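Enquirer: Start from chain A and add chain B according to the hints.
2 protein chains.
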Amino acid sequence: MSSETRVTAGLLVIGDEILSGRTKDVNIGAVAEFCTDLGIDLTEVRVVSDDMGAIVEALNALRERYTYVFTTGGIGPTHDDITADAVAKAFGVPLPINVEARALLEARWAQTGTEVNAARLRMARIPEGADLIVNSVSAAPGFRIGNVHVMAGVPVIMRAMLEAIAPTLEGGRKVHSVAIDAGVGEGAIGGPLAELQARFPDVKMGSYPQMGKGTTELVLRSADEARLAEAADAVRDIVAQAHRKAGIAPPDAE
Amino acid sequence: MSSETRVTAGLLVIGDEILSGRTKDVNIGAVAEFCTDLGIDLTEVRVVSDDMGAIVEALNALRERYTYVFTTGGIGPTHDDITADAVAKAFGVPLPINVEARALLEARWAQTGTEVNAARLRMARIPEGADLIVNSVSAAPGFRIGNVHVMAGVPVIMRAMLEAIAPTLEGGRKVHSVAIDAGVGEGAIGGPLAELQARFPDVKMGSYPQMGKGTTELVLRSADEARLAEAADAVRDIVAQAHRKAGIAPPDAE
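Chains as they are written, first to last, in UniProt numbering: chain A, 1 to 254; chain B, 1 to 254.
No lab work stands behind these hints: they were computed from the structure.
All of these numbers come straight from a predicted model, not from anything done at the bench.
Note that CB positions come from ideal geometry on N, CA and C, so glycine has one too.
Check the hints yourself; a few may be wrong.
[Stated by the list, open to error] Which stretches of chain A does chain B cover? Using the computed rule of at least three CB atoms under 8 Å from a CB of chain B, they are:
#	region
1	10 to 21
2	42 to 49
[Stated by the list, open to error] Partner residues aside, some chain A positions facing chain B, computed with beta carbon under 7 Å:
#	residue
3	Lys24
4	Ala32
5	Glu33
6	Gly39
7	Thr112
[As the list claims (entries may be wrong)] List of simulated lysine to aspartate or glutamate pairs, EDC-like, C-alpha gap at most 20 Å:
#	chain 1	residue 1	chain 2	residue 2
8	A	Lys174	A	Asp41
9	A	Lys245	A	Asp233
10	A	Lys24	B	Asp41
11	A	Lys213	A	Asp181
12	A	Lys204	A	Asp41
13	B	Lys89	B	Asp50
14	A	Lys204	A	Asp237
15	A	Lys24	B	Glu115
16	A	Lys204	A	Glu217
17	A	Lys24	B	Asp37
18	B	Lys24	A	Asp41
19	B	Lys204	B	Glu33
20	B	Lys24	A	Glu17
21	A	Lys213	A	Glu115
22	B	Lys245	B	Glu230
23	A	Lys245	A	Glu217
24	A	Lys174	A	Asp202
25	B	Lys24	A	Asp37
26	B	Lys245	B	Glu186
27	B	Lys24	A	Glu33
28	A	Lys89	A	Glu64
29	B	Lys89	B	Asp51
30	B	Lys245	B	Glu217
31	A	Lys24	B	Glu33
Here chain A stands alone, though its shape is the one from the complex (with noise of 0.2 Å):
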């Protein structure tokens, strides 16, 4: 178990209302399941608050010390989420408007019916060099620079962008995925996914709603990939059955 062989991450999880009690992390858990799955071994967790220095420093002492980072919460539209302005000074990058997050972003917008404005637009606020982390559910992207990895904090996005940087991160263990697209939102499939889900114990499935687009992204994963093969035809049949149950044509072969 020498320290070249192993894959570590550390996480830093962002948020005064964290600290305080109002809101219940459960973000920790879940980047701690989803590392175990990948033979990823999450080393050490800090919760810092919404304080320049504070993420800063913390980030900074992770990013030298594990393989990878990832950092939860902070990167919304408010005064208070100053995430991408931290990691940019931890690196030292200016952090300009993105134009591919504006574009992303003001598709969304356009979808939803949602004004354009200066709060949201911080939103697009990326640092020079980070590569985007695709989020699903509501478009507002998360960022990678370096071995950091900066995602949102609401857990179903946190979880989507997890989804998204899986297939980038060298775990321990190869881990493969399928994403099927629904068609219908999450509750015409979530009691058939349940039992899929308990039927598949070793095929992780996620499932992410498309806000403002009424379909929903299914995430499986699994090591194996003959298991995985399985799960996915059973999802696609649960997706068929909703379909014709909502009178939707059937979606194509592939």
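Expert: The following block gives chain B in isolation, referenced to the frame of chain A:
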């Protein structure tokens, strides 16, 4: 808000099971609420594994930085419970069997018919110079040394220990408490107690089953003494009612 007048705290959660995701932490939220109630500013949380180096390093970082440090986890009877060892190492003191801790444990074990063995006696090892923190639930004590308060990881025991140390902490706000021995198990008063908690949102009501004793310690806490007294009377009423129902003689006036 100078650093002289602010009362701060750091929390160190210790345990592999949290970092693997097998156990979902609920102590962070409980300590956060506890600190908020007492006017203590919980400033940072760290989660580390059952690793000597990691515990000592995090402990030393937090205890130098904050008014109080709380730790949860790693004080049980098994080989991976090394928190007491790590705290003794961090403070540079020996870790002998503590006579008072041993007596507390042996008294409880006598009641419950539990065998005294070497593994269990690990729980009586307390760093030299530390004060015990009473564990009303299962007897195995926590301890305080310097500004560090070492508590169990089991949530109900952790919360009972928080109640035990509350009167010793200087918060930003004076909080009063009343302890009531219910004389019955939790099941006999849980329902009415929940109704009272809803009626008195400004009085925190904690319920701590006393293992092997068939009774429950109820702890009420509030900054408002008048409301606390009112709530305590109401709790004594439901306790008396539960006693009548169970055919127990009425409790003493006190």
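Enquirer: Next step is simple, just say for each hint if it's right about the structure.
Expert: Against the structure, the hints come out as follows:
1. 10 to 21: Holds, because 5 residues of the region 10 to 21 of chain A bring their Cβ atoms closer than 8 Å to Cβ atoms of chain B.
2. 42 to 49: holds (count 8)
3. Lys24: 4 Å, holds
4. Ala32: Cβ of Ala32(A) sits 3 Å from chain B, so the hint holds.
5. Glu33: At about 4 Å, which falls below the 7 Å cut-off, the nearest Cβ of chain B leaves the hint on Glu33(A) intact, so it holds.
6. Gly39: 12 Å, violated
7. Thr112: 32 Å, violated
8. Lys174(A) x Asp41(A): Distance of about 14 Å is within 20 Å: holds.
9. Lys245(A) x Asp233(A): Given that 20 Å is the threshold and the Cα spacing comes to 19 Å, the pair holds.
10. Lys24(A) x Asp41(B): 16 Å, holds
11. Lys213(A) x Asp181(A): Roughly 11 Å separates the two Cα atoms, so the pair holds.
12. Lys204(A) x Asp41(A): 18 Å, holds
13. Lys89(B) x Asp50(B): 14 Å, holds
14. Lys204(A) x Asp237(A): Holds. Lys204(A) to Asp237(A) sits at ~17 Å (cutoff 20 Å).
15. Lys24(A) x Glu115(B): 39 Å, violated
16. Lys204(A) x Glu217(A): 14 Å, holds
17. Lys24(A) x Asp37(B): Status holds; Cα separation ~16 Å.
18. Lys24(B) x Asp41(A): Cα-Cα ~16 Å, so holds.
19. Lys204(B) x Glu33(B): Within the cut-off at roughly 10 Å; holds.
20. Lys24(B) x Glu17(A): 18 Å, holds
21. Lys213(A) x Glu115(A): Holds, because 17 Å separates the two Cα atoms, which is no more than 20 Å.
22. Lys245(B) x Glu230(B): 23 Å, violated
23. Lys245(A) x Glu217(A): 19 Å, holds
24. Lys174(A) x Asp202(A): 14 Å, holds
25. Lys24(B) x Asp37(A): With a Cα-Cα distance of about 16 Å, the restraint between Lys24(B) and Asp37(A) holds, given a limit of 20 Å.
26. Lys245(B) x Glu186(B): 14 Å, holds
27. Lys24(B) x Glu33(A): 10 Å, holds
28. Lys89(A) x Glu64(A): Within the cut-off at roughly 15 Å; holds.
29. Lys89(B) x Asp51(B): Roughly 13 Å between the alpha carbons, so the hint for Lys89(B) and Asp51(B) holds.
30. Lys245(B) x Glu217(B): The given pair, whose Cα atoms are some 19 Å apart, holds under the 20 Å limit.
31. Lys24(A) x Glu33(B): At roughly 10 Å apart (the allowed maximum being 20 Å), Glu33(B) and Lys24(A) satisfy the hint.
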